[in-house]
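J.: All chains should be modelled from the sequences, with the hints used to inform the complete structure.
For reference, the chains in residue letters:
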Amino acid sequence: MLKQVQRDITKANMRKRTRKDEIKIIFREEFRRQTRRVGYRIFTVLVPAIFLLALIMVPVVRNLTSTEGKAPDVIGYRDPVGVLASLPGDATLVEYDTIAIGLDALKAGEVKAFFVIDRAYIETGKVEWYRGGGALFQSEDLGTRFRSILASSLVADRVEPAVLARVNAPAEYAKFRLDDKGVPQPDTKSDAKQVAEFFVPYIFALLLMISVFTSSGYLLQSVADEKENRMIEMMVTSVAPFSIMAGKVLALGAAGIIQVGVWFISAVLIGPQVLHQIPNAGDLSLAPGLLVPVLAFFIGGYFLFAVLMAGIGAAASSVKEATQFSVVIAIPNVVAIYGSALIVDQPNGVFARTLSYIPFTAPTAMMLRLGAGDVPVGDIIGGLIVLVIAGIGLLWVSARVFRAGLLLYGQRMTPAAMWRAIKQAG
Amino acid sequence: MPSALEVKDLTKIYGNRKVVNGVTFGVEQGEIFGLLGPNGSGKTTTIRMALDIIRPDAGAVSLLGGMSPHNALPRVGYLPEERGLLKKEKVLDILRYLGELKGLGYGEAKDRASEMLHRVGLYEHRYKKVEALSRGMTQLVQFAGAILHQPDIIFLDEPFSGLDPINVQMMKELIREQHARGATVVFSTHIMSDVEELCERVVLIADGQLLLYGRLDELKRARGANGVRVRADRHPQPVPAGTSAASRNGFTEYRFPDSGAGGTPESVLRAYLDAGIAIERFEVMLPSLNDIFIQEVSKARDGANSHSR
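Respectively, the protein sequence lines represent chains A and B. Mapping of the first sequence onto our numbering: position 404 corresponds to residue 404, and the numbering continues sequentially without gaps. Mapping of the second sequence onto our numbering: position 192 corresponds to residue 192, and the numbering continues sequentially without gaps.
Think of the hints as simulated: they come from the structure by calculation, not from any bench. Cβ coordinates follow ideal geometry from the N, Cα and C atoms, glycine included. Careful: at least some of the hints might be erroneous.
As the list claims (entries may be wrong) - Some chain A residues near chain B, calculated using beta-carbon distances under 7 Å:
id, residue
1, 17
2, 29
3, 231
4, 237
5, 238
6, 239
Unchecked claim - Taking lysine to aspartate or glutamate pairs in the EDC-like style, the calculated list, with each CA pair at most 20 Å apart, reads:
id, chain 1, residue 1, chain 2, residue 2
7, B, 87, A, 29
8, B, 128, B, 111
9, B, 90, A, 29
As the list claims (entries may be wrong) - The following label-pair restraints were derived from C-beta to C-beta distances:
id, chain 1, residue 1, chain 2, residue 2, range
10, A, 416, B, 68, 27 to 37 Å
11, A, 28, B, 29, 26 to 36 Å
12, B, 24, A, 19, 26 to 36 Å
13, A, 351, B, 17, 50 to 60 Å
14, B, 24, A, 397, 29 to 39 Å
15, B, 172, A, 397, 37 to 47 Å
16, B, 177, A, 258, 38 to 48 Å
17, B, 124, A, 258, 32 to 42 Å
18, B, 40, A, 397, 27 to 37 Å
19, B, 182, A, 19, 28 to 38 Å
T.: Written out as structure tokens, the structure reads:
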């Protein structure tokens with residue numbers, strides 16, 4: 001009796017369901033499926049794991065490769081010509097009477113490298129450089145060092161000591177860089193800092209775009225899968241097609257945001273610690289204040305590609321075909337990634353700004369620009385407006401294609417059918 | 001009492017072809033209604049239009065007394081002809097999800113899913129992935145998904161196709177249970193014996209056209225007897241005019257030709273009486289639904305062919 005009453009109540013409540021309720025049900029289910037995927041979980045923790053690994057490995061690698069506090073390596077040489085005869089005594093340079101003795105010393109590890117100056121050295125410049133068998137990663141510094149010694153020796157008796165000192169240290173660079181207005185500005189950043197400043201936003205933008213495409217790709221697969229498995233027909237007799245599309249877009253977007261959030265938090269917390277381990281990388285860090293605009297472009301970019309992928313998933317005849325179509329969608333972003341060097345180098349240049357206002361390249365371009373430098377607020381707002389308008393327009397088109405394409409089992413939606421679906425009311 | 005389904009002048013055109021052409025019928029609440037037709041006749045398209053999956057090009061559909069599709073859908077159960085479930089999902093999860101889509105709460109959907117799995121004998125498979133089930137089991141799960149929310153009207157498109165006799169029997173029992181509960185059941189098929197077993201009223205569609213509509217017994221009686229079965233210790237010779245005779249299961253069956261120019265039950269009875277033969281049993285044979293189906297569809301196709309010439 002009680003069960004019957006409960007069922008009657010349930011029936012009454014069932015009739016009052018709204019579109020929002022439908023979307024919530026689909027959202028919950030898709031979110032559950034997505035976050036349970038092994039691939040999703042691995043990818044989410046991969047980035048923090050890489051950061052942690054870098055935190056451990058950077059000091060280890062530095063210890064292995066650093067020459068600080070270490071005595072210079074001992075170099076052996078054979079000089080039949082007497083080029084180095086006037087060299088002052090140096091414990092790190094050992095002359096050998098014969099090549100055989102020198103090679104024996106190299107084999108025994110007494111010297112790190114063994115150089116043999118050719119008899120016709122003055123005419124040819126030829127010097128033989130012998131390295132030990134395990135010297136796969138031996139630094140080119142030894143060759144540079146011996147070249148420097150040769151250069152000094154060649155001019156030692158012919159120039160004044162000051163000139164000789166200049167030969168040994170020919171240039172102390174003062175670096176300048178032209179700004180956006182073409183005015184030279186002092187460039188005091190170390191190479192390490194410049195590399196970090198390029199790669200950090202590049203890699204972050206790359207990761208974000210990977211997340212956008214992974215999430216929207218899963219959406220495409222989910223739609224195409226339900227269509228291929230014929231389950232979609234039971235679903236469209238339960239909830240409106242728009243609710244299916246909206247629920248999926250929101251769920252996979254939420255999962256993507258969580259993923260990106262985990263990456264961002266790990267980057268903000270661990271990233272600076274890693275960079276501090278690298279000499280002269282400076283204080284480069286990801287400012288927490290970047291989170292809002294980066295998230296905004298991530299959400300906008302994801303929404304744009306997600307609604308497009310939903311439409312493709314419904315219009316395609318199979319999961320395989322849908323995946324092939326989706327590759328085409330990625331092309332604009334490949335353009336942005338290829339142009340990333342230019343964008344990072346000139347974040348407010350014409351190329352970067354142009355890409356920021358094209359909907360399909362705006363997310364990547366803006367994320368690169370935000371990581372690389374100060375972006376005018378007007379550009380941020382303008383880029384977002386373009387994204388939102390394009391997203392809404394695509395949503396309108398995709399929803400109609402989605403509804404019409406869902407039941408075309410085993411058939412691809414022809415362009416004519418797509419056009420009819422778009423024209424047909426609601 | 002408003003009808004469960006009203007379909008009026010329903011038409012659907014694909015390209016140059018009218019796959020459903022001006023079909024009109026109604027389904028009363030609480031009945032089991034048969035939607036019959038050969039393959040490609042327009043049955044599935046008609047069901048899809050009734051459920052607002054596709055829009056008709058002409059005509060109107062009224063479901064559950066004129067409810068809007070949005071309000072009606074939670075009260076509708078549907079087993080599509082194109083069957084399938086997500087293969088990588090667990091059986092219980094899929095059923096629970098289907099129940100939630102129909103408006104049940106999470107907990108209730110899960111309870112009902114478990115109940116239905118018990119009912120169809122698949123409870124022990126509830127944590128298996130759908131891909132681990134046989135085709136017949138998957139169909140039963142999908143059928144369970146169509147009815148677990150206790151809908152007011154259930155559409156079953158070719159529900160028995162691909163099932164073995166045991167599962168067919170189980171599904172028929174489930175249909176009868178739903179009927180006993182008060183639900184309206186509309187099922188499409190081209191297997192006439194299933195219709196004769198379950199349905200009270202039917203509609204026959206072929207090539208998109210409605211050929212027959214009404215109560216099964218009335219449709220049969222309207223065609224008149226197509227034979228009689230007689231049990232007697234002997235039989236008149238010669239065989240009564242306009243009939244062909246055959247012995248079957250202790251009876252002699254006299255069949256009347258389709259042309260209607262042959263014998264009648266009265267003429268066979270007169271033959272026995274004139275011969276002074278005592279009759280133990282005399283049964284009038286009405287045409288089977290299968291016979292009616294073949295007759296009507298052939299007639300319609302012959303008519304269509306002569307028009308096109």
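J.: Could you run down the list of hints and mark each one as holding or not?
T.: Structure-based check of each hint:
{"no.": "1", "hint": "17", "verdict": "holds, 5 Å"}
{"no.": "2", "hint": "29", "verdict": "holds, 5 Å"}
{"no.": "3", "hint": "231", "verdict": "holds, 5 Å"}
{"no.": "4", "hint": "237", "verdict": "holds, 4 Å"}
{"no.": "5", "hint": "238", "verdict": "holds, 4 Å"}
{"no.": "6", "hint": "239", "verdict": "holds, 6 Å"}
{"no.": "7", "hint": "B:87 / A:29", "verdict": "holds, 15 Å"}
{"no.": "8", "hint": "B:128 / B:111", "verdict": "holds, 17 Å"}
{"no.": "9", "hint": "B:90 / A:29", "verdict": "holds, 13 Å"}
{"no.": "10", "hint": "A:416 / B:68: 27 to 37 Å", "verdict": "holds, 31 Å"}
{"no.": "11", "hint": "A:28 / B:29: 26 to 36 Å", "verdict": "holds, 34 Å"}
{"no.": "12", "hint": "B:24 / A:19: 26 to 36 Å", "verdict": "holds, 32 Å"}
{"no.": "13", "hint": "A:351 / B:17: 50 to 60 Å", "verdict": "holds, 54 Å"}
{"no.": "14", "hint": "B:24 / A:397: 29 to 39 Å", "verdict": "holds, 36 Å"}
{"no.": "15", "hint": "B:172 / A:397: 37 to 47 Å", "verdict": "holds, 46 Å"}
{"no.": "16", "hint": "B:177 / A:258: 38 to 48 Å", "verdict": "holds, 44 Å"}
{"no.": "17", "hint": "B:124 / A:258: 32 to 42 Å", "verdict": "holds, 36 Å"}
{"no.": "18", "hint": "B:40 / A:397: 27 to 37 Å", "verdict": "holds, 33 Å"}
{"no.": "19", "hint": "B:182 / A:19: 28 to 38 Å", "verdict": "holds, 29 Å"}
Violated hints are absent here; each numbered hint is respected by the structure.
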